[in-house]
Amino acid sequence: MSNAATFRSIEDTVRAAHGPPGPLYWLALAVSGGVFAFGAWAYSLVVRTGLHWTGLERPGMWGNLITDFVFWVGIAHSGTLISAILFLFRARFRTAVYRVAEMMTVFAVMTAGLYPILHLGRPWLAHWLLPYPNQRELWINFRSPLIWDVFAISTYLIVSTVFLLVGVAPDAAALRDRATGWRRGLYRLLAFGWRGTDEQWRHYTRAYLFFAAFATPLVVSVHSVVSWDFAVSVTPGWHSTLFPPYFVAGAILSGVAMVITILVPLRRAFRLEDLITARHLDMLARLVIFTGLIVTYSYATELVLAAGEPASDPERSTFLYRMTGPYAPVFWTMVTFNCGGPLLLLVRKVRTTTWSLLLICLAINVGMWLERFNIVVTSLAHDRLPFDWRVYVPTWVEWAMTFGAFGWFFFLFLVGLKLLPPVSIAELKEDAAGHGAHGPDGPAEGSHA
Amino acid sequence: MRDPSEWPLGRRSFFRIVGGAGAAGVAAGCSPKPAIQRIVPYLVPPDDVVPGKPTFYRTACRECGAGCGVTARTREGRAVKLEGNPEDPVGRGALCARGQAAIQALYHPERFKGPLRRAGGGPAAPVSWEEAEADLAKAIVAAAAKGPGRVRMLTAPEPGTAGAVQRALLAAAGARPQDRVVLDLLDPGPLRAAGAALLGRAELPIVDLTEARSVVALGADFLETWGSPVELARQLADGRTRAGERTRLTWVGPRLSLTGVSADRWLRARSGGEADVVLGLLRVAADPAVETGRSKEARALWPRLSAISTADLASRAGVPWGEVERLGRELVLRRPSAVLAPGPQSQGADATRLAALALVLNSVLGNLGRTLRYGQGGDEDAPSSMAEVRALLDDCARGEVDVLLVHGVDPAGLLPVALGAPAALAKVPLLASFARRPDATTPLARLVLPDHHPLESFGDVAPRAGVLNLLQPVMTPLADTRQAIQVLAEVGAQLPTPAKLASTDPYDLVMTRAGERVASLRAPGAGLPADPAAELRAAREHGGLWAPPPAAVAPALRIEAAGRFLAPGAPRAAEGGGALDLVAFPTALRGDGRADLPWLREVPDTLSSVSWTAWLELSPATAQRLGVATGELATVTTAAGHADVPVYVFPGIRDDAVALPLGAEAAALLPATLDPVSGALAFAGVRATVARAGKRARLPLLEGSPYQHGRNVVPVVTRAEPSPPRPDLSARMYPEPAHPEHRWAMAIDLDRCTGCEACVVACFAENNVPVMGPEAAEQGRYMGWIRMERYLGDEPGGALDVRLLPMLCQHCTNAPCEPVCPVYATYHTPEGLNAQIYNRCVGTRYCSNNCPYKVRTFNWRDAQFERPLDMQLNPDVTVRSRGVMEKCTFCVQRIRFAEGRARDEQRPVRDGEIVPACAQSCPAQAITFGDANDPASRVSQVARDRRAFRALEDLGTLPAITYLARVREEEPS
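If you read the protein sequences in the order shown, they are chains A and B. Per this note's numbering, the first sequence starts with residue 684, numbered consecutively. Per this note's numbering, the second sequence starts with residue 1017, numbered consecutively.
Rather than coming from a laboratory, the hints here were simulated on the basis of the structure. It is possible that some hints are incorrect.
Now the in silico label distances, taken between C-beta atoms and shown as ranges [claimed, not checked]:
(1) A:W807 to B:T1226: 53 to 63 angstroms
(2) A:T838 to B:I1853: 25 to 35 angstroms
(3) B:E1921 to A:S727: 49 to 59 angstroms
(4) B:E1921 to A:S837: 45 to 55 angstroms
(5) B:M1749 to A:T1016: 38 to 48 angstroms
(6) B:P1790 to A:F1086: 42 to 52 angstroms
(7) A:F1086 to B:G1093: 20 to 30 angstroms
The beta carbon of each residue, even a glycine, is placed where N, CA and C say it ideally should be.
Please work from the sequences and hints to get the whole structure.
This is the structure in structure tokens:
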């Protein structure tokens, strides 16, 4: 299909996506905005009178909100994986999908970053977690994994935003040249004065390579740091050296599943089937299979190690509790979705059928959220002193905040789709040129991005 | 783009905007309330009030009959904390949970602000004291004119001046002595009746367990409410840790009480079978085959006892004969011992028989005069029997009472509903209540004459011979209340024949009476004091007058009178009415059921871990049979009535019994059955049916799992294994934090701890721990800094093995909470404290997640201290706002206070000088605090005990708290 694409058709397709929105778009925007507003109002209750609105209580001081945090950090991972790592590996199938993945990354980090602040007892003092010089000579505790989180998340937000904007610059220039009104001003800003000269291209490709190389370790490090929130503690069920690789694999699994979940309706709605092809989806599905297998292996490792402990061991007890206690439905749904789902994709027919692929990816998204819930909640609910055990059930306020984040994310995404090119025009053109089927459409178009 | 100088924003407009925005910001940031409340400083400060320095007053506790001495700490003219009086021989400085909570009655928001009068059926309206007293006097005069019995009084026991004033007023009103009815629901009246029958002494013995080598409690929960719990808990604990031999405690009854938890052995007698157990013990103790050098009582009783079939006894008691025989042989060997009965859990319709048999057994074992001391009683205001209370209510119902004075009791709310108190009291034309705050009786009262709180009053209490504890006001009264004895004296003065009282002033009344007693309270041979006034002043300063008690007498048993109690009890009647024995029990927190103080309701019961509500205890087998589970509502029905109570499944109860704490629910269920001999209310012997109500209650339950799940969190030691297992912690990766000067540490002896919760309530009082209410409790949001972890066994369905572990911040040397805090809100001080800085805390709550002991509590919302309860707040301790973590500080304010004083006096801090609130209050003196850096300190010595262990020690957290394991003695074969 991409062989059929011409420079003009690529640009036209992208420009069409930026056309006046239809009723469906407005509806989606209204729904996501409404859900977000409801979540924000629910949160305002917490700010006004305190966290008693949540179902949290000793021993479980973390619940839905931290689950959401880890979930969204995980979602944020695939963007950088697809755009940076696959770029370095020269995996060409990334071209069509990486822009969506990168947008998803930025918006997901923006969502994830909210939660550590939202769940604070005194969120108005969140800036105390930053190391800024002050007269009281108060400093932050660099031994605390929560501080590592602050740095990991903020670094990741900056790098992924820069990486997105760098990638957008040539495309923005292409759109700028034919845009009018405020859009022209916006794309001029985003194009950073791009004119497509050889000099600029030389610097651009070097810079892009550099950013890709810079972002790559973050894919591994950010979620490793997040996993340390749990792994460095003494809580049974958290205290595990397996956590960093396990979390990274889980993050990529959930992230890629989310990319597919977004791409499938997106290419239909914006008629991008020519650019984002079935082959691209197939390659992403293979990535799901690969990371799904790592996650399955991690589950098995944890269980086997815990099962080897003596009967009175808290670690073992926690794992038995996950499988048989009140949270057992969470555990078994998680195993079914996260282990069974990717395995189903091994069947080519399942993988290439759009609706089954979408369904499985949706299930993996749910499963990965439950996985984080399982880790965060069940470990705390069943810690070392049996007298304190207590089942945590999220309240409607916590659910409102959880779904509010989805509203926030999709609202940002929908707006982003109308402002930023959803596919990389420049790289698709490069592909098209590289395949040699068609040359540039002629000097008249003048946008040799 | 234009040149910046062309922007419309010029320098002037810039300043205008910035200034305006700044002003708006300042206005928004300020409090919306204009600050118009006036504060008034001390213009001429009182001499004895130094801001920031506490003043201590000695007084006494009036929450129960024990009469412990109290030290009230006041700050800036208001009482903030009650502690025991270390000089007082009863409490020796300790104070139980209810005693600690008495201060909340002082500051209770519902307290009456002044006297009220209700005209007709209308609402009560404020009235002046003079008018109210004149009204009362007029009514008394009118009633007295109609003849005796028209003026009556229903009062709580008032052994001191208050009782004398009451009697004087009634005498002036022409009332007979029996017109003053004294109500104490928990009074072991049958023991008094048995004493009268067997020993010729209608008094309660003073129980002294100091020498006891074996104690048998049959429903007498002497570690909770029976007798003098603070004193008895201390004596038992001392006996437990005595070198050589440990006092052995046996609990007999259908339900394991907290006293039973402290016991070494539980004889699961069926409800009503306690008397047969005692009879069995008596049979063993009098058996010539067991004991050759028998007492003459034993020899005289043996012919009758030997005729009793042991198999019959055992089957009626519901206990295998072997267990009874083993206990009997132990009592014979271990002398002296103490057999204590009855308590509400064993007080049935034949309670006098049980009490009499216990007295006979004590007499046979030679305990009278040693552990059960007669002739040492104080000014006893012997409570009337329930029969007399019922007679009073009947007279009221018949309209034969014109004036009823109700003082210190709530007959409409506390008595069994079956007695019909509210309807009877409604018939009284003038009911005058001296209640301090609304209860079930005050709506029926024509006059409400609110009494001072004991902390605002003068008074005296003599719980036993040789002890006179004096009450004095520790602060000015909060409202326009008046001490009841003053009201009575003033009313008495207005009668045609004035009451014979020296004064109407409470101070004069109390001091006159105390002055008369100075002589009797001096050591024998000391003669009269040179200056009685100075002696009295010193007595008020110290809290009382104490002298060695007179020698106890050992009254002889009237053998012939004992005979009629020796017949075995009537065989159990056929099933009638219900299938289960109802056990109504008092608890250390709820007392006789009137627990209406926030702390007492917020702190969970040790055994059930339930707070705020009553609960129904069912054994697992019974619960399964009835198809109910913990948290479900069950309907209990007795002949008297029914009540819906949430179920708590408790393995410490017989399958044929059901139990619930005293309170409104129990009052609805108890029939008005009385013991015919003593006239005491029969709490036991009630049959009840239990059915599912089909609803779930949100039961405020603290416990997660009551089982240890093989983790051996709370080990015990035995003779074979005198030390708990300790992990090897020699491998260290990092250096430990240094504690150059002090390392504050604590030791808790679990063999002494009874789980009475006194420490928990003391901590609430000292540290401004907020009460969050029943809704929060249902969610498990309990803010207490100490909680009583209570395990019922190892695995569900396994053997019952109750173990207690008071859990508070362990102040770990390697505290897992410290490294995870991102803002250093929690950190390790050079003195070893794990400090929490509320101001710095942002509320990530990671510290709690990483705390293996889960001792940190989070402020989910702003705590409410309803006025004037906020006047109790300790000014030395921050009141925490929402969103921050808090936890035990080892009472850092007390540490700093002692350190500051030591520095002022240029000396090191002395060992034992710092006493945290929990350690201070502990009746059993189980908690030791001190400097672990000093190897000679008491805490270091205690921590070296071979019973020592630390909680979750294998984690390497190196807690500062050392627990000493409870001793389990193997049953002698």
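Of the numbered hints stated previously, which ones are contradicted by the structure, given in increasing order?
6 and 7
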